[in-house]
Amino acid sequence: MHKIVSAIFLAENIKKIEIEAPRIAKKRKAGQFIMIRVDQTGERIPLTIADADPEKGTITIIVQGMGKSTKELNTKEAGDTISDIVGPLGAPSEIENFGTAVSIGGGVGTAIAYPTAVALKKAGNYVITINGARSKDLVILEKEMNAVSDEAYITTDDGSYGFHGFVTQKLQELIDSGKKIDYVLAIGPIPMMKAIAEVTRPYNIKTMVSLNPIMVDGTGMCGGCRVTVNDEIKFACVDGPEFDAHQVDFKNLTDRNKLYLPEEKQSAEAFAHKCNLQ
Amino acid sequence: MAFFRINTPSFYKKTIMCPQHITTKERLAIPRQEMPSQNPDVRNKNFKEVNLGYTPELAQQEALRCIQCKDPSCIKGCPVNIKIDQFIKLIADGNFLGAAKKIKEDNVLPAICGRVCPQEDQCEKACILTKKHKSVAIGNLERFAADFERETGNVELPAVKASTGKKIAVIGSGPAGLSCANDLIQLGHSVTVFEALHELGGVLVYGIPEFRLPKEIVKLEIDGLKQLGVKFITNTVAGRSITVDELLKEEDFDAVFIGVGAGLPWFLGIPGENLLGVYSANEFLTRVNLMKSYQFPDNDTPVFNCKGKNVAVFGGGNTAMDAVRTAKRLGADHAYIVYRRSEAEMPARIEEVHHAQEEGIEFLMLMNPLEFLGNEQQWLTGAKCLKMELGEPDDSGRRRPVPIKDSEFILPIDMAVISIGNGSNPLIKQTTPDIEVSKRDTIVVDINTMATSKEDVYAGGDIVTGGATVILAMGAGRTAAKAIHEKLMGIDPHE
Ligand SMILES: Cc1cc2nc3c(=O)[nH]c(=O)nc-3n(C[C@H](O)[C@H](O)[C@H](O)COP(=O)(O)OP(=O)(O)OC[C@H]3O[C@@H](n4cnc5c(N)ncnc54)[C@H](O)[C@@H]3O)c2cc1C
Ligand SMILES: Cc1cc2nc3c(=O)[nH]c(=O)nc-3n(C[C@H](O)[C@H](O)[C@H](O)COP(=O)(O)OP(=O)(O)OC[C@H]3O[C@@H](n4cnc5c(N)ncnc54)[C@H](O)[C@@H]3O)c2cc1C
Ligand code: FES
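Residue numbers (our numbering), protein chains in the order written: chain A, 1 to 278; chain B, 1001 to 1495.
The set of hints was computed from the structure by calculation and includes no laboratory data.
Glycine included, C-beta positions come from ideal geometry on N, C-alpha and C.
Be a bit skeptical, because a hint or two may be false.
To be verified - Stretch by stretch, here's where chain A covers chain B in the computed footprint (C-beta under 8 Å, at least three residues):
| id | stretch |
| --- | --- |
| 1 | 1154 to 1168 |
| 2 | 1191 to 1198 |
| 3 | 1224 to 1232 |
| 4 | 1235 to 1246 |
| 5 | 1471 to 1484 |
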């Protein structure tokens, strides 16, 4: 059992939850995640460790309510408990002084990219962050991102805040301005990551993406999280979740994530119904 | 022929043949007692245990078939050398609790092994009766004795020796880890088991289905260990949450036993393996057994909806049988086993093969998949297969399957489960480079002690042998426990 220390909404449907998990807080590195099971009938879902406080023995996750499991998690408040948490899982982000590193986050991907941006800054990189959201009220972690960035940009699809347009356009603008970029990390919806890969490909800029296949155990035991990278099967939970964007088969990932659409819908509807009754 | 009344609870009291006065000829005239089981057409729609277990009468009848050889070869056939002749005699005498105790001298998990051991390749194969008759049903009797002890509330906790002050970490809670923990705690050591998953038991809970091994039995074994004082910490992945070196240096464990199993599913490496509807057996079984997706939506984890679909499982081992029978129970219309050799070569327990056949599983032998085919939305629609015939024996002594020219055909299926074995999870190897591993990534040990190349670190079970059996994993856990005890206490094993 893990106690929730604090839980606050950062934007509509996106919650920041700090949980007691001393062993994980001590061990985790940027880019790693946990598997979480809210209660005894819950499924195991992967969530990135957005931050950790080894002294306090807590980790922070930032959760976007997508379906049953994440929405249920987002109903939790300080003092509530979580049945199971295991981690830190996955290979840590590759961190070195690349020179100029651009960290790009789309939606809740901003939260997933944040710990790696911190580590890149620590390693001596000139860090540029580009964080995209659909509109102003969905922008998250602005203050935190500003603190670790040498240059920080926000883009909104509707132009209600920052740069009007997509993160890809902002990245292209930076490249066109003649800035030498040595490393790009992009985390967000699959179409966004795919588009970023296409932006950087002609320039041969090393580009990493964090993949989000459906997982079960998160320890390499089931192969459900397999993705195709450079025409080879990789298990995202142990070989990843970060992979070379230029080698990822994004179509296969998009298809595989549709495996349980009817069941997800059924679960979400049943959960919404339960919430309405309460 | 003489009769007597046996000393068991009154509802069991029945008149049967007296073991003292029965001649060998009479023993041999008793037919092998069939294991009562659920009707195949009923059980292939539920997850309740298939076998119902012997009644005391059946058990005693079966036990009487044992001719009590002077030099019993069955014992040599058992990987942990259970005193088979003695426990069977106790059953024949009606002393069922005595029989259970006798088995437990050598096997700490008899209710489990009685259900899942490949007896036909071990004790029962060595039984002298197999030459002319059917072997004594040793496995069924083992199961009976253990179930009788448990169901009548007679399981006694063994004594625990005075504390030695030594601390041992066991990684993995499968049969290897559990049996190692069991022996060490009784010797007075402090034992902590670290398990990666949220539930304890290893393959016994996430792999082998309820209809073959009720989870309640595994749970009771683990509860027993908890009562003896074994500490269990779930949700801890060695190599990620904590490393072997940290256990030894920072958490002050005096020794570490690694029993992490063979948990890295192999795929076929053919086109289309990433289509929707293609699963590894590990994933399919984990979703159903561990995450209870057969109770979706009451449990949140979904699994492929098999109802009215055609499912093919590729492989011929126990895992393949478990997967295909699970698919049938989830409502599959056709559930196939596709195996590249012939039925005689299938490594699965013979009983499981028979049960599968009774349940309506279709066996497609001598067939090899070449490619998975899918539709526009990338859902699996079929498997292109090639027919094979048996050629010359290969290294394993089994006749090698060779393709028949121009025999390609398409098997229409909606779901495929790959069940061709497991490799070793590389996490421990990556984080503890001073543990020597083989080319196949299994951990190298001294088989007399299970000691690895790293001081104070021992290993056993599937992580050493590659995918094997419950009884071998259990035996390895016990060998390691003995060696750890001797090392920590400074005992010379040769004295
Ligand atoms: C390594 C890793 C790290 C992640 N980190 C975070 C994080 O920090 N914060 C966060 O909010 N989310 C994160 N995710 C995504 C999160 O795990 C999923 O949103 C969650 O599993 C969906 O579960 P659900 O029951 O709420 O929704 P479901 O009802 O299962 O699905 C709802 C929708 O989400 C999609 N979906 C299903 N499973 C996943 C999945 N595993 N990943 C992405 N989309 C999925 C489906 O296509 C569906 O449209 C991460 C995923 C991975 C693999
Ligand atoms: C579906 C199936 C059916 C089978 N049927 C039979 C049968 O009928 N008869 C038979 O004799 N054998 C059968 N087997 C084989 C048998 O189950 C195994 O040989 C046996 O379980 C091996 O025991 P083990 O303790 O070595 O490993 P496992 O049972 O695999 O247990 C290992 C445990 O370690 C945990 N673990 C792994 N990595 C870590 C880590 N890094 N940190 C912490 N914990 C970790 C795992 O989660 C698991 O709980 C079957 C196997 C399968 C998969
Ligand atoms: S989630 Fe099971 S292997 Fe990655």
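Going through the hints against the structure:
1. Three residues within the 8 Å Cβ limit are the bar, and the stretch 1154 to 1168 of chain B against chain A gives 0, so the coverage statement is violated.
2. Counting residues of the stretch 1191 to 1198 of chain B whose beta carbon lies closer than 8 Å to any beta carbon of chain A gives 3, which meets the minimum of three for the stated coverage.
3. For the stretch 1224 to 1232 of chain B, the stated coverage by chain A is not satisfied: 0 residues place a CB nearer than 8 Å to a CB of that chain, which falls below the threshold of 3.
4. Only when three residues or more bring their CB closer than 8 Å to a CB of chain A does the claim for the stretch 1235 to 1246 of chain B stand; here the count is 6, and the claim holds.
5. For the stretch 1471 to 1484 of chain B, the stated coverage by chain A is not satisfied: 0 residues place a CB nearer than 8 Å to a CB of that chain, which falls below the threshold of 3.
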